[in-house]
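Chemist: One letter stands for each residue in the lines below.
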Amino acid sequence: MLYLQMIESDDDKEKFEEIYTRYRRLMYFIAFKVVQNEPDAEDAVQQAFVSIIENLEKIGPIDSPQTKSYVAIIAEHKAIDILRAKKRVVEWDDNIMGLEVEPPGDSGLADAIATLPGRYRELLLLRYDNGYDTMEIAKMFDMKRGTVQKMIWRAKEMLSKKMAEEGY
Amino acid sequence: MTREIWTDQELREATGKVREVLLGAVPPPSQCLHEFSLPFQTGIEEMKRKKNKHKAGMSVLTKIAAILLVVMLGTGVWAHVSPDSWAAVQSWVEECYENSVIYRFLNPEPAGMASLNSEPVEGGKRHIGWLPDGYKESDDMMWADVEMTKYVNEDGDAIYLSLFSASDSAFSSLQADDSGTYVLVGGIPGVFIAGESDQNELTWVANDGQFGYWISSTLPMETIIKMAKSIY
Chain P
1 MLYLQMIESD DDKEKFEEIY TRYRRLMYFI AFKVVQNEPD AEDAVQQAFV
51 SIIENLEKIG PIDSPQTKSY VAIIAEHKAI DILRAKKRVV EWDDNIMGLE
101 VEPPGDSGLA DAIATLPGRY RELLLLRYDN GYDTMEIAKM FDMKRGTVQK
151 MIWRAKEMLS KKMAEEGY
Chain X
169 MTREIWTDQE LREATGKVRE VLLGAVPPPS QCLHEFSLPF QTGIEEMKRK
219 KNKHKAGMSV LTKIAAILLV VMLGTGVWAH VSPDSWAAVQ SWVEECYENS
269 VIYRFLNPEP AGMASLNSEP VEGGKRHIGW LPDGYKESDD MMWADVEMTK
319 YVNEDGDAIY LSLFSASDSA FSSLQADDSG TYVLVGGIPG VFIAGESDQN
369 ELTWVANDGQ FGYWISSTLP METIIKMAKS IY
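Here the protein sequences come in this chain order: P and X.
With the numbering used here as the guide, the letters of the first sequence map in order to residues 1 to 168.
With the numbering used here as the guide, the letters of the second sequence map in order to residues 169 to 400.
One chain only, chain P, in its complex shape (with noise of 0.2 Å):
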């Protein structure tokens, strides 16, 4: 059995201390518009910084596009776990929209995709714009892998439901 403590050495702390103080008002910025109150949202950027913490040395540069998108995801991510414990919301009745994603025009995937429920969304920006595998997702989100697995389906089908609306 290993037990892994999450800041494993100084160079993590530093890099921890610089996501922190770089993005934690951003990331306060996104909780709030999900959650629409002060205390919330801190609680949603509390929550995601230990998930920041416990994925470290699986984060990249610091100020580049992923990271950025990554921490905006996480804290997304957490406020909308505070709004779905609030709301009492089924796990697979979860289309709780979060932040609002102006489709990018592209009248296809990239289309469908800016529409569909944070939670979805959030799962395959992960997995394919920042390339995490489902288990680190899974972790993430503190979340089982067969949980992850049922998101995936339903992801999926939205998207081809979408697209079959759409004419895409």
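Please keep in mind that the hints were generated in silico from the structure rather than gathered at the bench.
A portion of the hints provided could be inaccurate.
[Claimed, not checked] Quick list of in silico lysine to any residue cross-link-like pairs, SDA-like style, CA-CA up to 25 Å:
(1) P:K68 - X:K293
(2) P:K15 - X:S198
(3) P:K156 - X:I212
(4) X:K293 - X:T175
(5) X:K318 - P:Y132
(6) P:K161 - X:P196
(7) P:K87 - P:Y132
(8) X:K318 - X:L387
(9) P:K58 - P:P39
(10) P:K13 - X:I212
(11) P:K156 - X:K304
(12) X:K394 - X:C264
(13) P:K58 - X:D176
(14) P:K58 - X:E262
(15) P:K150 - P:S160
(16) P:K156 - P:Q66
(17) P:K15 - P:K87
(18) X:K318 - X:Y271
(19) P:K86 - P:S160
(20) P:K156 - X:K216
(21) P:K162 - X:G192
(22) P:K13 - P:N55
(23) P:K161 - X:D325
(24) P:K150 - X:Y350
(25) P:K33 - X:L206
(26) P:K15 - X:P196
(27) X:K216 - P:V50
(28) P:K156 - X:E305
(29) P:K150 - X:S333
(30) P:K13 - P:Y132
(31) P:K161 - P:I96
[What the hints assert, rightly or not] Calculated Cβ distances over 10 Å to all of chain X for the following chain P residues:
(32) P61
(33) R145
(34) E165
Note that CB positions come from ideal geometry on N, CA and C, so glycine has one too.
Given chain P's structure and the hints, the job is docking chain X onto it.
Modeler: The following block gives chain X in isolation, referenced to the frame of chain P:
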């Protein structure tokens, strides 16, 4: 039945466009103004202190784990399991985190064990040979390097089978309300996670680490193991 509607490249390009729009819609970090409350700042500081304290105790915890291993062997908990199977159990390493435990398959070829079950199957696809009454295959798709198959019954209950070809994919995670155990499938140990109110799942890897699967379902452990044993 639909297989891989979009390629990875198409999905990468599409999600890249979505990321650009997403980040374009939020102000730059320097313009996000918010003064965090004292409880928030205290919480973050506590988080950092707690983790550094945890680090100091790591070597002690590792030693305790080693002692427990000896006790288990000494008390014959695994007496009914072959030495080879026990060796394979040690290929699974448990990583303990704040809210979860990750089981990771690390040693692809335990000493003294022959490679089993990793030979390619004709046609490249594997199936569950035995399914509980009423279930049938409904859909399949590729997700990165994982091939996923879904089986459903008339009530909409689902069984998910995911096949992967590299040991890098061999993980299983245990959340706060779950319990985990090692189970044998064809004499080779896998990790079974019993979900408190969600899915149960079984993760299994062939001895050489080149092929594995996980099955998730709300069905009980015995049923999932029976399905696992029938995979061909």
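Chemist: Does each hint hold? Answer for all of them.
Modeler: Right, here's what the structure says about each hint:
Restraint check: the Cα-Cα separation between P:K68 and X:K293 comes to about 39 Å, which exceeds 25 Å; the hinted pair is violated. Annotation: proposed proximity of P:K15 to X:S198 holds, straight-line Cα distance about 18 Å (limit 25 Å). Restraint check: the Cα-Cα separation between P:K156 and X:I212 comes to about 37 Å, which exceeds 25 Å; the hinted pair is violated. For the suggested pair X:K293 and X:T175, the alpha carbons sit about 19 Å apart, so the restraint of at most 25 Å is met.
Proximity of X:K318 to P:Y132 is assessed by CA-CA distance (about 23 Å); at most 25 Å being required, the pair is judged to hold. With a C-alpha separation of about 35 Å, the suggested pair P:K161 and X:P196 falls outside the 25 Å cut-off, and the hint is violated. Annotation: proposed proximity of P:K87 to P:Y132 is violated, straight-line Cα distance about 29 Å (limit 25 Å). Annotation: proposed proximity of X:K318 to X:L387 holds, straight-line Cα distance about 14 Å (limit 25 Å).
Only pairs whose Cα atoms come within 25 Å are accepted, and P:K58 paired with P:P39 is rejected, the gap being roughly 29 Å. Of the pairs offered as hints, the one joining P:K13 and X:I212 holds, with about 13 Å between alpha carbons and a cut-off of 25 Å not exceeded. With a CA separation close to 20 Å, the supplied pair P:K156 and X:K304 stays within the 25 Å bound. For the hint pairing X:K394 with X:C264, the CA-to-CA distance comes to about 29 Å; that exceeds 25 Å, so the pair is violated.
Taking the CA atoms of P:K58 and X:D176, the gap is near 20 Å; set against the 25 Å cutoff, the hint holds. A distance of roughly 19 Å separates the Cα atoms of P:K58 and X:E262; the hinted pair therefore holds under the 25 Å criterion. Proximity of P:K150 to P:S160 is assessed by CA-CA distance (about 15 Å); at most 25 Å being required, the pair is judged to hold. At most 25 Å may separate the alpha-carbon atoms for a hinted pair to count; P:K156 and P:Q66 meet this at roughly 23 Å.
Proximity of P:K15 to P:K87 is assessed by CA-CA distance (about 35 Å); at most 25 Å being required, the pair is judged violated. Only pairs whose Cα atoms come within 25 Å are accepted, and X:K318 paired with X:Y271 is accepted, the gap being roughly 24 Å. Straight-line distance between C-alpha atoms of P:K86 and P:S160 comes to about 30 Å, which puts the hinted pair past the 25 Å bound. About 39 Å separates the Cα atoms of P:K156 and X:K216, which puts this hinted pair outside 25 Å; it is violated.
Our distance criterion of 25 Å between C-alpha atoms is met by P:K162 and X:G192, whose separation comes to about 24 Å. A threshold of 25 Å between alpha carbons decides the hint, and for P:K13 with P:N55 the separation of about 12 Å falls inside it, so the pair holds. Of the supplied pair hints, the one linking P:K161 and X:D325 holds, its CA atoms being roughly 21 Å apart against a limit of 25 Å. For the hint pairing P:K150 with X:Y350, the CA-to-CA distance comes to about 24 Å; that is within 25 Å, so the pair holds.
Distance restraint check for P:K33 and X:L206: the Cα-Cα separation of roughly 21 Å lies within the 25 Å cut-off, and the hinted pair is therefore satisfied. Our distance criterion of 25 Å between C-alpha atoms is met by P:K15 and X:P196, whose separation comes to about 20 Å. A hinted pair counts as satisfied when its Cα atoms are at most 25 Å apart, and X:K216 with P:V50 qualifies at roughly 10 Å. About 17 Å separates the Cα atoms of P:K156 and X:E305, which keeps this hinted pair within 25 Å; it holds.
Only pairs whose Cα atoms come within 25 Å are accepted, and P:K150 paired with X:S333 is accepted, the gap being roughly 20 Å. Restraint check for P:K13 and P:Y132: the C-alpha separation of about 22 Å stays at or below 25 Å, so the hint holds. Restraint check for P:K161 and P:I96: satisfied, since their Cα atoms lie roughly 18 Å apart, inside the 25 Å limit. With a closest Cβ-Cβ approach of about 15 Å to chain X, P:P61 is found to remain outside the 10 Å limit, as its non-interface label requires.
Taking the minimum C-beta to C-beta distance to chain X, about 6 Å, the non-interface status of P:R145 is violated against the 10 Å cut. The claim that P:E165 is not at the interface with chain X holds, since no C-beta of that chain comes within 10 Å of its own (minimum 15 Å).
Consistency with the previously given hints fails for numbers 1, 3, 6, 7, 9, 12, 17, 19, 20 and 33, ordered from lowest to highest.
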